Amino acid sequence: MNIQPLADRVLIEPAPAETKTASGIIIPDTAKEKPLQGKVVAVGGGTKDEEMVLKVGDQVLYGKYSGTEVEFEGVKYLIMRQSDVVAILK
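Numbering (my numbering), first residue to last: 1 to 90.
Any given hint might turn out to be false.
DSSO-like mimics (lysine-lysine), calculated; alpha carbons at most 30 Å apart, straight line [what the hints assert, rightly or not]:
#1 76 x 55
#2 64 x 76
#3 64 x 48
The calculated label-pair distances, taken between Cβ atoms and stated as ranges, are [claimed, not checked]:
#4 13 x 46: 17 to 25 Å
#5 25 x 68: 26 to 34 Å
#6 7 x 90: 19 to 27 Å
#7 90 x 25: 37 to 45 Å
#8 25 x 83: 35 to 43 Å
#9 6 x 88: 16 to 24 Å
#10 24 x 83: 33 to 41 Å
#11 24 x 71: 26 to 34 Å
#12 39 x 83: 15 to 23 Å
#13 53 x 24: 33 to 41 Å
#14 47 x 24: 45 to 53 Å
Hints in this document: simulated from the structure, not taken from any laboratory.
Computed from a predicted model, the values in this text were never measured in an experiment.
Using N, Cα and C, we set each Cβ at its ideal position, and we do this for glycine too.
Produce the complete structure using the sequences and hints provided.
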């Protein structure tokens, strides 16, 4: 990974949005909901006040409007503070 977050920030690859409903109806791009979970692909070193708890590979849940979208080599990522992550999925 060529992106290294600083301080208490993490880089997350969002899970793909659902394209079909359970009944097989295809959802158009304009109606898809923004995914609220993803995989941590890079982490910063933390700060003196906040230890970095997340690690690369963690599956996480985050707030609907959290983070800043960035695109790198054709892949969309979110970069956000560790405190914007609400849970680690196990």
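**Asked** Hint by hint, which ones does this structure get wrong, listed from lowest number up?
**Response** Hint 7 alone not satisfied by this model.
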